[in-house]
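Spelled out from the first residue to the last, the chains are:
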Amino acid sequence: MRRAALILVPYLWLLALFLVPFLIVLKISLSDIALAIPPYTPTLDLSTGWQGVKDFFAALDLENFEFLTTDDLYWKAYLSSVKIAAIATFLTLCVGYPIAYGMANAPDHWRPTLMMLVILPFWTSFLIRVYSWMGILSTEGYLNQFLLGIGVISTPLTILNTNTAVYIGIVYTYLPFMILPIYAALERLDGSLLEAAEDLGCSRISAFWLVTVPLSKNGIIAGCFLVFIPTIGEFVIPSLLGGSRTLMIGKVLWEEFFNNRDWPVASAVAVILLLILIIPIILFQRNEQKQREADQ
Amino acid sequence: MGQTVFEPWNDPDAKPLIQFRNVSKRFGDFTAIDNQSFDIYEREFFALLGPSGCGKTTMMRMLAGFETPTEGTILLGGQDIAPIPPNKRAVNMMFQSYALFPHLSVWENIAFGLKRDRRPKDEIESRVAEMLKLTRLEQFARRKPHQISGGQRQRVALARSLAKAPKLLLLDEPLGALDAKLRQDTQFELMDIQEKTGTTFVIVTHDQEEAMTVASRVAVMDHGRIVQADIPAKIYEQPNSVYVADFIGEVTIIDGTATKVDNGYEIDFAEGQPTLYCQTDKQLANGQSCHIAIRPEKVSISAEKPADRRNILQGKIHDIAYLGNISTYHVKLANGKIVKAQTANTRRLAHRPFTWEDDVYLSWSDTAGVLLER
Ligand SMILES: Nc1ncnc2c1ncn2[C@@H]1O[C@H](COP(=O)(O)OP(=O)(O)OP(=O)(O)O)[C@@H](O)[C@H]1O
Ligand SMILES: [Mg+2]
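Taken in sequence, the protein lines are chains X and V. Sequential numbering from 1 applies to the first sequence in this note's numbering. Sequential numbering from 1001 applies to the second sequence in this note's numbering.
In case anyone wonders, no lab produced these hints; they're calculated from the structure. Treat the hints with caution; some may be incorrect.
[Said to hold, decoys possible] Beta-carbon label-pair distances, calculated as ranges:
1) X:98 with V:1071: 34 to 40 Å
2) X:208 with V:1146: 21 to 27 Å
3) X:126 with V:1146: 39 to 45 Å
4) V:1031 with X:230: 51 to 57 Å
5) X:156 with V:1115: 17 to 23 Å
Since we're looking at a predicted model, the values are computed, not measured. Every residue, glycine too, gets a C-beta built ideally from N, C-alpha and C.
Kindly produce the complete structure, drawing on both the sequences and the hints.
The structure is reproduced here in structure tokens:
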């Protein structure tokens, strides 16, 4: 009995916070736009009894999803989001791995401090941190002032409102999500394995590629998914740091909701986004599962 | 056997493969290896024996290149090995913790070193197959290390270190997790490999019987020093200290004072007890305090007083340890001292000649005891 109750709690949680909202969004995506509050029809009218329920379901259709295929803006935005997310994930990995490696190889008494430094940015608001990047990257920003000051460049660089700025923002924001799982994997790595590899004829570098990297693979995969999944739907970073040509589905979604007030189409965009995300989420889960099995 | 005796350490012309020259290793202010100088010769099977924490692994790690001596030099084939990184040394090590690669199968683990040498594929395959056969791991080749038993893992580690057929092989407790039968087989297998390939082995073991079986020389260590390094028979029969005598095999140590008589010394060890005689070449001062180390199997036990022996003690049987093929009797003398005597159990247990509380005589020959200075 207690076991059942224990299992029930997370499922109720999921039901209330994920499944119900998702069903509402799904329903809206099947509705039609209307000049009303809420701005769509039909709404379920239970006063007319069974007939009302039937009318309600009869009014639902896939029109919005068809619409998404007619305008190439949408699939381009999806594709571009996936592309930006993939590149940003790769860049985060390139920055995060050496940091995690350094942390794992730091003396024991340094590690808590380094860990603290990685988590520290979370103590200030995400929005403020993104705004401060605007201050750094803009044409008159600190970065350009610095580079002009030391004479590396003669005209200021345009970084803000380009994809470069978006990448910088994503790498900066999601770096801890990359570092922590890789650090966890590297920290558990048994140093004698590297010695064994060297003993058998590996140089330090090949021991790194043949032993360290494969043994931190699960950490790398976990880190990549933790960055990739939220980045696809990212809205704040592309809209604040990106330019007009930065095409990301999060931005499209937002515009659909708040500029066009077309809730049904926006919901359809969100539903498709979720479907796209399900694949990496399943892969991520499978990786976690595999790791748990390997740990036993 | 016995055409030429393999004793390069007695040959002044023999060139040692490994030379430790005043080697010390300190971790902080803890001295793990204390100013050691000794040689290991080619084709030797050199066993390091000693209690936990005495520095055996540290010694191996210096040879493999994972630790550098704090002081002194180690020469391999006459060349200082300090500047040579581990991957460039013709030395392979089997780690005490095995250090198997968890992401690779048994087969890939064994092939790892061969692949780094870029040997041809078919050569690698045949070599790995050979190693698998040797360690009886054929049916586990595709498994990962976490899918096999502890003893099987140990055999993988052994196979992996053997695969490259190095000039010097360092084995850190290679057989500890194997059952008695497999351990014995593997010991003979190792000796066989050694004979065939001429590899020099340095082996760490906690099992003195193993050291005695396989080793050309045994080095008994204590607190970062080699106390005695010699052939197994000498370590056993002629220990140079109470520590070595006590560490290897069973022994009774009797403390007393020496008086020169004939070709040896008479030792007075307790009031009311007869003196003991010990023949020896050693020179002691009269009245010098000393020890006699006497192995239990050299002590006879009898109900009647033997007539022809110079060393005779009387006591009561205090305890009997039955070990199957032999029994060890703990005999308590009148002064409370316990002396051990061993007899082979040639008869059934029911016909055992002595039992608890029996009055017995213990005796041994003039040369059975080893006189050790304090
Ligand atoms: N990296 C290190 N830092 C500090 N002390 C160390 C280090 N490595 C070994 N020691 C110490 O050196 C001593 C010898 O260690 P070593 O591993 O050589 O022992 P061992 O003889 O192999 O013991 P065992 O039979 O238990 O394996 C031990 O007291 C150990 O605590
Ligand atoms: Mg050890």
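Verification of the supplied hints:
Under the hint 34 to 40 Å, the C-beta atoms of residue 98 (chain X) and residue 1071 (chain V), about 36 Å apart, fit the expected range. For the pair residue 208 (chain X) and residue 1146 (chain V), the supplied restraint of 21 to 27 Å holds, since their beta-carbon distance comes to about 23 Å. For residue 126 (chain X) paired with residue 1146 (chain V), a C-beta distance near 41 Å keeps the hint of 39 to 45 Å intact. Range check, residue 1031 (chain V) to residue 230 (chain X): Cβ separation about 55 Å, and the 51 to 57 Å hint holds.
Restraint check, residue 156 (chain X) to residue 1115 (chain V): a C-beta distance of roughly 53 Å breaks the suggested window 17 to 23 Å.
In the structure shown, a violation is registered for the earlier hint numbered 5 alone.
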